[in-house]
Amino acid sequence: MTDYLYDTINKKDMRQKKERSINISIGILLYIFSSVLLFNACNTGDRDTYITDLKCCNMTDPEGIDFPLLSWKIKSSRPGVEQATWEIEIASRQELLKKGEADVWKSGKQISGQQFGIQPEADFKEGSSYFWRVRIWGNNGEATQWSEPACFSIGLLNEASWNAKWITYSNPDQHALPYFRKVFSTDQKKKITKALVYFCGLGAGELYMNGRLVDATRFLDPAQTNYEQYALYSTFDVTGLLENGENVVGVMLGDGWFSQDGAWGGANFSYGEPMLRLQLIISYKDGTQMIVGSDEKWEWTEGPVRKSNIYLGETYDANYEIEGWNKVEYSSEGWQKALVVKENMPPRLLPQLIPPIRKKEVLSAEKIWQDSLGNWIFDFGVNVAGIPLLKVNESNGTKITIRFAEGIDQHKGLDFRSTGWIHHGDIFKDQYICNGKGMEEWSPRFTYHGYRYAELSGVTEKPDRETLKLIVVHSDIEHSGTFECADEQINKLHEMALRTVKSNLHGIPTDCPIREKCGWLGDVHAYVKMANMNFQMENFWHKYLEDIRSGASKEEKSTLFHERYNNTFYFTDKAAGIPYMIAPGKRLCGVASPDWGTVLVQLPWWIYVYYGNQQILEEFYPQMKQWTLYVNSLAKNEERKKLYNRETTSVVYQGLGDWCPPLYESTDPTPVEFTSTAFHYLDAKIMEEAARLLGKKEDEEYFSILQEEIAREMIAIMYDPVNKTFGTQTADAIALDLGLVPDGDENAVSASIVKNMNEKSEGFMHCGIFGLCRIGSMLARHGNAEAAWTMFTKKGEHSFEWMWKSADATTLWETLPINEISRKGALSASYNHPMQAGFDISFFEDIAGIAPDPAGYGFKVIRFQPLFCDYLPWAKASIRSPYGEVISSWKKENDILEWEISIPPNSTGLVTFPFKGEVTVNGNKLEDGDFSRVESAQGVVSYRFPSGNFHIYNHQQ
Numbered sequence: 021m022t023d024y025l026y027d028t029i030n031k032k033d034m035r036q037k038k039e040r041s042i043n044i045s046i047g048i049l050l051y052i053f054s055s056v057l058l059f060n061a062c063n064t065g066d067r068d069t070y071i072t073d074l075k076c077c078n079m080t081d082p083e084g085i086d087f088p089l090l091s092w093k094i095k096s097s098r099p100g101v102e103q104a105t106w107e108i109e110i111a112s113r114q115e116l117l118k119k120g121e122a123d124v125w126k127s128g129k130q131i132s133g134q135q136f137g138i139q140p141e142a143d144f145k146e147g148s149s150y151f152w153r154v155r156i157w158g159n160n161g162e163a164t165q166w167s168e169p170a171c172f173s174i175g176l177l178n179e180a181s182w183n184a185k186w187i188t189y190s191n192p193d194q195h196a197l198p199y200f201r202k203v204f205s206t207d208q209k210k211k212i213t214k215a216l217v218y219f220c221g222l223g224a225g226e227l228y229m230n231g232r233l234v235d236a237t238r239f240l241d242p243a244q245t246n247y248e249q250y251a252l253y254s255t256f257d258v259t260g261l262l263e264n265g266e267n268v269v270g271v272m273l274g275d276g277w278f279s280q281d282g283a284w285g286g287a288n289f290s291y292g293e294p295m296l297r298l299q300l301i302i303s304y305k306d307g308t309q310m311i312v313g314s315d316e317k318w319e320w321t322e323g324p325v326r327k328s329n330i331y332l333g334e335t336y337d338a339n340y341e342i343e344g345w346n347k348v349e350y351s352s353e354g355w356q357k358a359l360v361v362k363e364n365m366p367p368r369l370l371p372q373l374i375p376p377i378r379k380k381e382v383l384s385a386e387k388i389w390q391d392s393l394g395n396w397i398f399d400f401g402v403n404v405a406g407i408p409l410l411k412v413n414e415s416n417g418t419k420i421t422i423r424f425a426e427g428i429d430q431h432k433g434l435d436f437r438s439t440g441w442i443h444h445g446d447i448f449k450d451q452y453i454c455n456g457k458g459m460e461e462w463s464p465r466f467t468y469h470g471y472r473y474a475e476l477s478g479v480t481e482k483p484d485r486e487t488l489k490l491i492v493v494h495s496d497i498e499h500s501g502t503f504e505c506a507d508e509q510i511n512k513l514h515e516m517a518l519r520t521v522k523s524n525l526h527g528i529p530t531d532c533p534i535r536e537k538c539g540w541l542g543d544v545h546a547y548v549k550m551a552n553m554n555f556q557m558e559n560f561w562h563k564y565l566e567d568i569r570s571g572a573s574k575e576e577k578s579t580l581f582h583e584r585y586n587n588t589f590y591f592t593d594k595a596a597g598i599p600y601m602i603a604p605g606k607r608l609c610g611v612a613s614p615d616w617g618t619v620l621v622q623l624p625w626w627i628y629v630y631y632g633n634q635q636i637l638e639e640f641y642p643q644m645k646q647w648t649l650y651v652n653s654l655a656k657n658e659e660r661k662k663l664y665n666r667e668t669t670s671v672v673y674q675g676l677g678d679w680c681p682p683l684y685e686s687t688d689p690t691p692v693e694f695t696s697t698a699f700h701y702l703d704a705k706i707m708e709e710a711a712r713l714l715g716k717k718e719d720e721e722y723f724s725i726l727q728e729e730i731a732r733e734m735i736a737i738m739y740d741p742v743n744k745t746f747g748t749q750t751a752d753a754i755a756l757d758l759g760l761v762p763d764g765d766e767n768a769v770s771a772s773i774v775k776n777m778n779e780k781s782e783g784f785m786h787c788g789i790f791g792l793c794r795i796g797s798m799l800a801r802h803g804n805a806e807a808a809w810t811m812f813t814k815k816g817e818h819s820f821e822w823m824w825k826s827a828d829a830t831t832l833w834e835t836l837p838i839n840e841i842s843r844k845g846a847l848s849a850s851y852n853h854p855m856q857a858g859f860d861i862s863f864f865e866d867i868a869g870i871a872p873d874p875a876g877y878g879f880k881v882i883r884f885q886p887l888f889c890d891y892l893p894w895a896k897a898s899i900r901s902p903y904g905e906v907i908s909s910w911k912k913e914n915d916i917l918e919w920e921i922s923i924p925p926n927s928t929g930l931v932t933f934p935f936k937g938e939v940t941v942n943g944n945k946l947e948d949g950d951f952s953r954v955e956s957a958q959g960v961v962s963y964r965f966p967s968g969n970f971h972i973y974n975h976q977q
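Numbering of the sequence shown is given in the numbering used here, commencing with residue 21 and proceeding in unit increments.
The set of hints was computed from the structure by calculation and includes no laboratory data.
Any given hint could turn out to be false.
[Said to hold, decoys possible] Lysine-lysine pairs mimicking DSS-like chemistry, simulated, CA-CA at most 25 Å apart:
hint, residue 1, residue 2
1, K305, K214
2, K347, K457
3, K379, K489
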């Protein structure tokens, strides 16, 4: 019985255990299954689409901004993706985002297709870091996953936030520049989570922490401004450079643009002695902070930079180097206390939101030879902006001199004519004095030069390619566009244009890197569009607009004004708000002429057109309006009209005109009154559209009437209705571009340009900068693509090819050397002038066929319309638009065109096919696809494409 009971009980127990085991197993399976269902439920959404390239103020994870403007890009394997809704979360710590516990801002779902310029509705604390992420819902109603987190930190926004003083040094030598240092100790009991340095060295400074240069490629930082109005500070994350305990911060300070005493066009342009302001904020894990600020307790001594000038060069004596000066263990005995600055310091400090100037690449000489005087000449093959990199082993006290030029003379020595040394009073040179301690390597810190050739003297041994190299320097602007085609001459022109523009981006858009280094207003609007296609220029242009505005803020009595350049100058009063010819800085220039100051209206507009930034129009609208009304008052000035015996109401006679045409001896230059009045018309046209966008109805109506008045009078006075011309190539090109040609006459006016080219300039153009940036496109778009093609590809004299074949040019000269006459006349001008680069826009818009369309600026709507398919076997281009990458790549063989286009998500394309005939898209007939037909007012037929990648096959008939 007992055994039976035991067996029965045991079997029952085993059965119950088995049942429990089965139940548990089923339960686990049910739990896993339900978890999977729950996981899938939580992760349903658009698996084909994701968010990438998160930016704040157009920068990746920026430190020290003023206020965040957020943007992102969408990538998808599906066509036709549009953003319908977005949601953003911002947190004070990254782990809170991962938990879904954003503690700063939760936007909630916002019904909007906007994906850039997003302003969070949150309060941000100075000196604090923030983390953010975004997700969107597409037009299919499905959500993407949250993006990977990005971050930003807020800088110091007002004077009260600075617990640091402006400091300088006493300068008995009046030239030698200082070392500064400060020893400080962190709390060893606390863990450092972040350490940021806010630093402004005027005119430029190098920052060291515990013996290490904080950013070794950064150069001449911060960017130049109107220092009497404001200066910029840079923010550095030095968390990884701090030691637990004692540390030292060091600064080498230079003159830069602030303490400039040998400027182009005049002297006494200095704002004062070099000075610095620095604040280090160390954040600990427990939430406390420690601040180290510049003050009178800092120490300084003379350093090895004995003399520095942004134009004339730098002198460096290695015998004044102090080993270990920026390390904790160094004894600063004998150093002096810093002096607190009492006057001439900038009233405001703002964060630098543009890329810094950087050392970009190192070039070795292609040729080395000795000139008749025994100097060594180095040819680096290309003309760029840069500094020398010297490497020598010489005895103590040996003085080595390096001089610079863009060309060589007939004796194979340096030709200094283009350097403008007469204006500066000396030839530009850098000098290095050796300490004799073995191999020495040096490059200047606080100057740069435009050059291709360097002259080396003072060495005792024959140099080689390692002795002297060239470090290329320019603002670290993102290269956002690419172009290439089957014609090597066009590729060469594109390469020269890019090199020229990059050589002149140094915190401001300079006219040339060797002689003037000035931000001439008129130069910029001649090449702004090509710059926007090739580079991410939005922040850079925004800063330049502020340079113009801040420089214009003061009223000035009796300043120089240009009227019919080389004919009349006069002096006039400048009202507050009216800009100068140059920005920023102290320059000998004068009040802006109508054809130069128009950039104050044009530049905000082109930022809007290419980047979709409508906020820039709102920010600068008062200045844009003031300028346009001011020029209108010039047109109606009775005294000036009497001078020219003209009864006009809209014609503007003041200006410089179509600057620097290659055939400068031409008998029919474009009249100043044409270019100035045309730009006045363009200003009014832009103002009408800006007023409409911003809801300013009265202004919209006023500027609509004004532009009609200007156009009517220009056509009545300046247009020849019989010969269908405004008189010159430039005038006709501008008139076509601005819409000033009477309806129906467009192709005839384009033909007049061709006629003028053939009859007066050997089948080539003779335009200055305002015609050159338009002539190729206007010919191609108005029935004369063959003439445009011939102009770009012509050989021999009167051609672009002549510039490098006969003049050995590697950049675009101030006056293009397209024949021997113009070459000789150009030798005393700059060899590196970006104002001549505007033609490059035609390569993108007309050869590759990519342009922003008025139906949706900022490349919300993209126009695809290549016009050169009859003359080239292939071409391709890409740009990184605010929405993503846009690609147009076509090739033609016989009568068949194959065309790859890529339209980023949240954009659409208007595609115009080059040939009439059968069209297939991704293997299907065009008419079978969901592509709506669009016809423009001019009768051009296009098809609207959604986002995606498309292979187009067009069979010519």
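Structure-based check of all given hints:
no., hint, in the structure
1, K305 / K214, "holds (9 Å)"
2, K347 / K457, "holds (21 Å)"
3, K379 / K489, "holds (13 Å)"
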